[in-house]
Amino acid sequence: MSKNNQPASLRVDRALLVGVEISDNKKILSLDHSLAELKRLADTAGFEVVGEVTQKLDHPNPKTFIGSGKVNEVKSIADELMADVILFDDELSPRHQRELEEIIQKDIRVIDRTALILDIFAQHAKTREGALQVELAQYEYRLPRLTRAWTHLVRQAGGGGGRTGGTAGVGLRGPGETQLEVDRRDIRRRISHLKAELEKVRAHRQRHRTRRKESRIPEVSLVGYTNAGKSTLLNQISDADVYVANKLFATLDPTTRRVSLADGQQILVTDTVGFIQKLPTTLVAAFRATLEEIAEADLLLHIVDVTHPHALSQAEAVHKTLEDIEADQIPSLPVLNKIDRLEDSEQAQAALDTFPDAVAISALRGDGIDKLLLTVQDKLFESYQFVIVELPYSEGSLISLFHEEGQVDSVKNEYEGVTIQGKLPIRYLTKYRKFIVDGFLP
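Throughout the sequence shown, residue numbering follows my numbering, covering 652 to 1093 in sequence.
Treat the hints with care, as some may be off.
What the hints assert, rightly or not - In silico PhoX-like pairs for lysine-lysine, Cα to Cα no more than 25 Å straight-line: (1) K1074 x K1063; (2) K1030 x K1063; (3) K777 x K690; (4) K1082 x K1063; (5) K929 x K777; (6) K726 x K690; (7) K846 x K714; (8) K971 x K1030.
Because the hints were derived from the structure by calculation, they are not lab data.
Starting from the given sequences, assemble the full structure and let the hints guide the process.
This is the structure in structure tokens:
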């Protein structure tokens, strides 16, 4: 029997949340909202949240992140509430985690926000690519946290099964099913292998993208905060059957579908993984092949949950992630989703005033979808510029880029170079500016 007199196989782990507001730290979300989001993450991971503790600090404690007195308070509250896990709303350094575990001891695990998100991704990774990406991120997170007292990883296939305590008290789902004795050298070897496998995936994706570019079908990526309704929208505008649930990170693997616009033009629309504030850098790196689907798009549809009280802050978090993956220069269209949940038209108008040039829709009911597709049609037309360029053969990379990313109308090979007529995505014009023939400079 367990702490609350339930069989361990039936009991849900109880979690105590810990949030810290650092005075010199510019967070996108307030402490209260960030903790509310942490609670949703905990719910998604399968924890029962039993309480929360907060503290305001000028800077983190170098040993324990929170103050020493607050550590004892957290320990006392965790004991009182019979918590199994203490969830921190920030990423803890390896030292922070070691010191906290030594003080708290008992059978209470200390997990930070990064470990929790990795755990959720492990649960939801369904494809081989997704499993590789999550496994790489997990190992890179774990490597600096190895200690002499911990030289084993508990591995569980596909992120399934129950929760374990084998990962230095982190409680992450591992990537396999058997317990393996690993040291730093083995983990580094595994990381190298995973990176090599993902590089093959990346090359495979690039070949697919090249073939799609050759077909000259414009590509649109759906981006947005997790649970904003991207998958619901893709299902609405295409024959997709993407899994939809009221959970954070319900879908990880990108899904691409062909969509017809009003004028009969075909476009490819890709649903991508949802963003979140403090998205672990290890995940951003591991999901590089997937995120390149965003960076290669001709247009981004930024889906915003207009009913969320912190919609603007969530939009800022998405913009920050787009900057991190160097996709912030791609033309973007704000799409305000879930208008069917608004109480009156004034709320809808206020939202539109907050997001200029946005289109308001209900992905669930289909409201505003026709207008959205017309706007996408206009945006895609605007995002290309007709040019004539004269490129010397020494600029082979630019010649290839025009063929891969542009819409080539004609090519004339001459003694010193090649003259290409066609349309280029606007974001590439700066690369060609000095080669554009006079009279065709936008």
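Now for the hints, and whether the structure bears them out:
1. Simply put, K1074 and K1063 have alpha-carbon atoms about 16 Å apart, close enough for the 25 Å limit, and the pair holds.
2. Distance restraint check for K1030 and K1063: the Cα-Cα separation of roughly 30 Å exceeds the 25 Å cut-off, and the hinted pair is therefore not satisfied.
3. For the proposed pair K777 and K690, the alpha carbon gap of about 24 Å is at most 25 Å, so the pair holds.
4. The hinted pair formed by K1082 and K1063 meets the criterion: a straight-line CA distance of about 20 Å does not exceed 25 Å.
5. At most 25 Å may separate the alpha-carbon atoms for a hinted pair to count; K929 and K777 meet this at roughly 23 Å.
6. At roughly 19 Å between alpha-carbon atoms, K726 and K690 fall within 25 Å of each other, so this suggested pair holds.
7. Of the pairs offered as hints, the one joining K846 and K714 is violated, with about 33 Å between alpha carbons and a cut-off of 25 Å exceeded.
8. Note on K971 and K1030: the hinted pairing holds, with a Cα-Cα distance of about 22 Å set against a maximum of 25 Å.
Of the hints listed earlier, those the structure fails to meet are numbers 2 and 7, in rising order.
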